Amino acid sequence: MRDDVRAAVAEAFREDWGRVVATLIRTTGDWDLAEDCAQGAFERALKTWPRDGIPRRPGAWLTTTARNLARDRLRRDAVGETKLREVASTSHHEDPDERDESGVSDDRLRLIFTCCHPALKVEARVALTLRTLAGLTTAEIARAFLVPEPTMAQRLVRAKRKIRNARIPYRVPPAHLLPERTGGVLAVLYLLFNEGYAATSGADLVRVDLSAEAMRLARTLTRLMPDEPEALGLLALMLLHDARRAARLGDDGEVVTLEEQDRSLWDREAIAEGVRLLDAAMRLGRPGPYRLQAAIAACHATAATAAETDWARIAVLYGELARLVPSPVVRLNRAVAVAMAEGPSAGLELVEVLAASGELAGYHLLPATRADLLRRLGRPEQAAAAYREALELVATDAERRYLNRRLAEVTNRP
Amino acid sequence: MRYMLMVCGDESDHEKSPEEMRKDHEGFAWYEEMNRRGVLRGGNRLRPGSDATTVRVRDDEVLLSDGPFAESREQMGGYDLIECADLDEAIEIASRHPIARSGAIEVRPLWET
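Here the protein sequences come in this chain order: A and B. For reference, each letter of the first sequence is one residue, going 1 to 414 in the working numbering. For reference, each letter of the second sequence is one residue, going 1001 to 1113 in the working numbering.
It is worth saying that the hints were derived from the structure and are not from the lab. As the structure is a computational prediction, the values presented were derived from the model and not from experiment. Every residue, glycine too, gets a C-beta built ideally from N, C-alpha and C. There's no promise every hint is true.
[Claimed, not checked] From chain A, some residues computed to sit far from chain B (all C-beta separations above 10 Å):
id: 1; residue: R51
id: 2; residue: H117
id: 3; residue: I168
id: 4; residue: P169
id: 5; residue: L177
id: 6; residue: M340
id: 7; residue: L377
id: 8; residue: R379
id: 9; residue: Q382
[Said to hold, decoys possible] Taking CB as the label site, the calculated pair distances span:
id: 10; chain 1: B; residue 1: E1106; chain 2: A; residue 2: T411; range: 55 to 63 Å
id: 11; chain 1: B; residue 1: E1011; chain 2: A; residue 2: S357; range: 29 to 37 Å
id: 12; chain 1: B; residue 1: S1072; chain 2: A; residue 2: E43; range: 47 to 55 Å
Same shape as in the complex, but just chain B (with noise of 0.2 Å):
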């Protein structure tokens, strides 16, 4: 079963660069032991929300705005995708997720067919 982890931080944590976020020792290890555990099927870090686009089509008219579509505080900054047995055990690997303690993680089952 696969679920995304959609990890939801505080804005000034999406500006961090990669090196200074593989500083953070407690989020290198996450990736270790979740890549041990063959649990992590891809996922990636996003850049802020003042660098995101919006996008809609109305009436066959392109719509742009400058910014994510919904603005808070607390973005989601980066996703995980995991697969593993059931939820209880996302609901294991998400409560361990650095940005857990901080932020938020959203669990989201995928779509299987």
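So that you can see chain A by itself, here it is in the shape it has in the complex (with noise of 0.2 Å):
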């Protein structure tokens, strides 16, 4: 095949899978039978483009035959009648300013905001967004999580069963619901991104690249709703993480710390995106807790040397952000920051403070961030015992390579 064909395929995919299964599921009320209808477009999109030529519109191609092939199902059909004539009429008032309540008229933001409906678990809402959203495969999104394939074709059709059964709204929530509803979109996104940052350290390379995939999510939601400062704070914290990751696994795999990374591996255009993009959602109101944590990121990221970072900035934001997300982690961050902007006995003094409170109880940073204080104090015996804590507690076998490094410099010394 011709391969600006190929190419146009693979990225009509990327830019228009979401949207036609999303249209569909409007007009059909039927996911499997959008999901099947969409997939079947893009087969005969393989098929005629390179006889026809690539379409002027290829997303209004894929729509229009997706949307003819759900007819012609409906009417082979028989039990496919009404949603038929749901098919037919719906296509007639269909014009670009059709909007609901909520004044949006894309319907990937309804599609979105089912897939992340709360009365969903979190691995369905997270597993429906990648399947109906981005197009993956149930068989990829298996391997992604490491489950079996089964048991992830399982929890699809049980969520899609529970949003006609239960009857699961498909729209945009109106305005009282829409600020947390957003929350809920948004922390689906940073789980992705997330699990596929911390995935980077293993050696399979057939996981999908979660972590790009919940970038373009989060990129297509903040194009859908311009005026929502907490998505472009999102993508700027997952650019600015994203932007070093070239620097943060060494050649023995080990993870090298912040302090310690190669900056000249930094992605210097993901950065000045990140920054740009949260300097504009910055000036959009008080800063949420994504805004926050992509400030915090931004201070690392344009600081050009581990020594010439905003400590003392990043401490203020842990401590605004301490304030919206009641988090223990978040006050184990700031008294860290607190440490490098004031010496470590002013850290050590907030870390003491979480110790007694239990909240922490078997979280090895807790002990870990201990022992790096207490050795700074020159305290060695008792950053010693604190190490030797946080190994009991540590989990990957990067970090303990790491925390026995720690141990042996304090316990060598003279």
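Hints given; two lone chains; assemble the complex.
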């Protein structure tokens, strides 16, 4: 096949899969039919585009083709008669200005809010989003989450069945629900991103790049909701984290700490875009949790050397974040930033408060942080004890190696 | 679309008589409002699980046991049948149910034929 056609179909798949599925779900109300016919439309494109040429508007061609396939399928199927009337009638008043209460006309937004509905289990929201919006196959999603394919297929079937049977509405939520539900959508995308980010340590090359999918979806969301500053903040956060990807692991597979990373490996273009998006988002009112986290990531990403990091600002940002997100992990991060800005004893004070609260019991980074601060304060015996405590809790080999190295440092001291 | 709200609360609530419950203004307000909205299709409180009898038939033999089929502190203490647009509206109605604050409301769609 001609390379330009192959590229055009691949491009259309990335750009238009979610749009085609979303439109067909609205017109037929049938998620499986929508997916099948979207699939069919892309297969037909592979057959006819080499012969007839690439259509001027591939997305429109695919939507029309998929809708015709749906109509044919429903016509063949006697029970589909009511649905067929719906397909026929909805195609009439389908002008681009057709909007629901929220003032949004893109079907993909309806789809993403439905996929991320809080009445679905979190893993179902993630799987549905990847299948219907991103167009990943069930097998790909199963591999990405390291579960057997039948398990993933079952998860998708159950979720779609609940949407139908419990009548989860296919819409962008009305104004009074929108802030909360938008938060839910952003949470799913961030979870997806982190899943991919954490997985980069594995040597499993067949795993789909979930971080890339998450960033693509976040980018789509910022286009669909241009007035939503937290969506911009999330995309900025992802870009700023992902920019450091190449520097995160050493040749031996060991995690390289931010401080020790080779900053020449950071993706300058991604950092510049992240900072630009963040600046735009910051102008849109009081920052929420994603903008604050992006601002913290930007402090790191724009420091020329580790020593030049603006820790005082990071400490302030973590303080604001802790007020919005009452999480002990955020407070631990704030303690680290305070230690960097004001010295290890100020940080240790905050860590001791956290340790006394018992909220982070069993979390290896609590004793690991204590150990690092004690080491820097020149208290090697106490540091060694804390490193040993952390070693008992740590889960990954890379982190274990790091802690062992530090432990050796403090115990070998004269 | 019809949904059954299965109202699960602490057993002690089920002991209260209808007169005692009526003094609970919050609960009363919910019923008044939902009646006004026209979403209520019926419902009732249940007497406590200690008054329940569970019936099973095994090998044509009728087996009875004293008490509810699942012994737990949270028991279904009543139900309300509602009819509304979709799950979002059902969730909104359930979240304002007087027992939602102390117990739990299970929202189950009915098989619609």
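**Study point:** Structure versus earlier hints - violations, ascending order
**Key:** 2, 3, 4, 5
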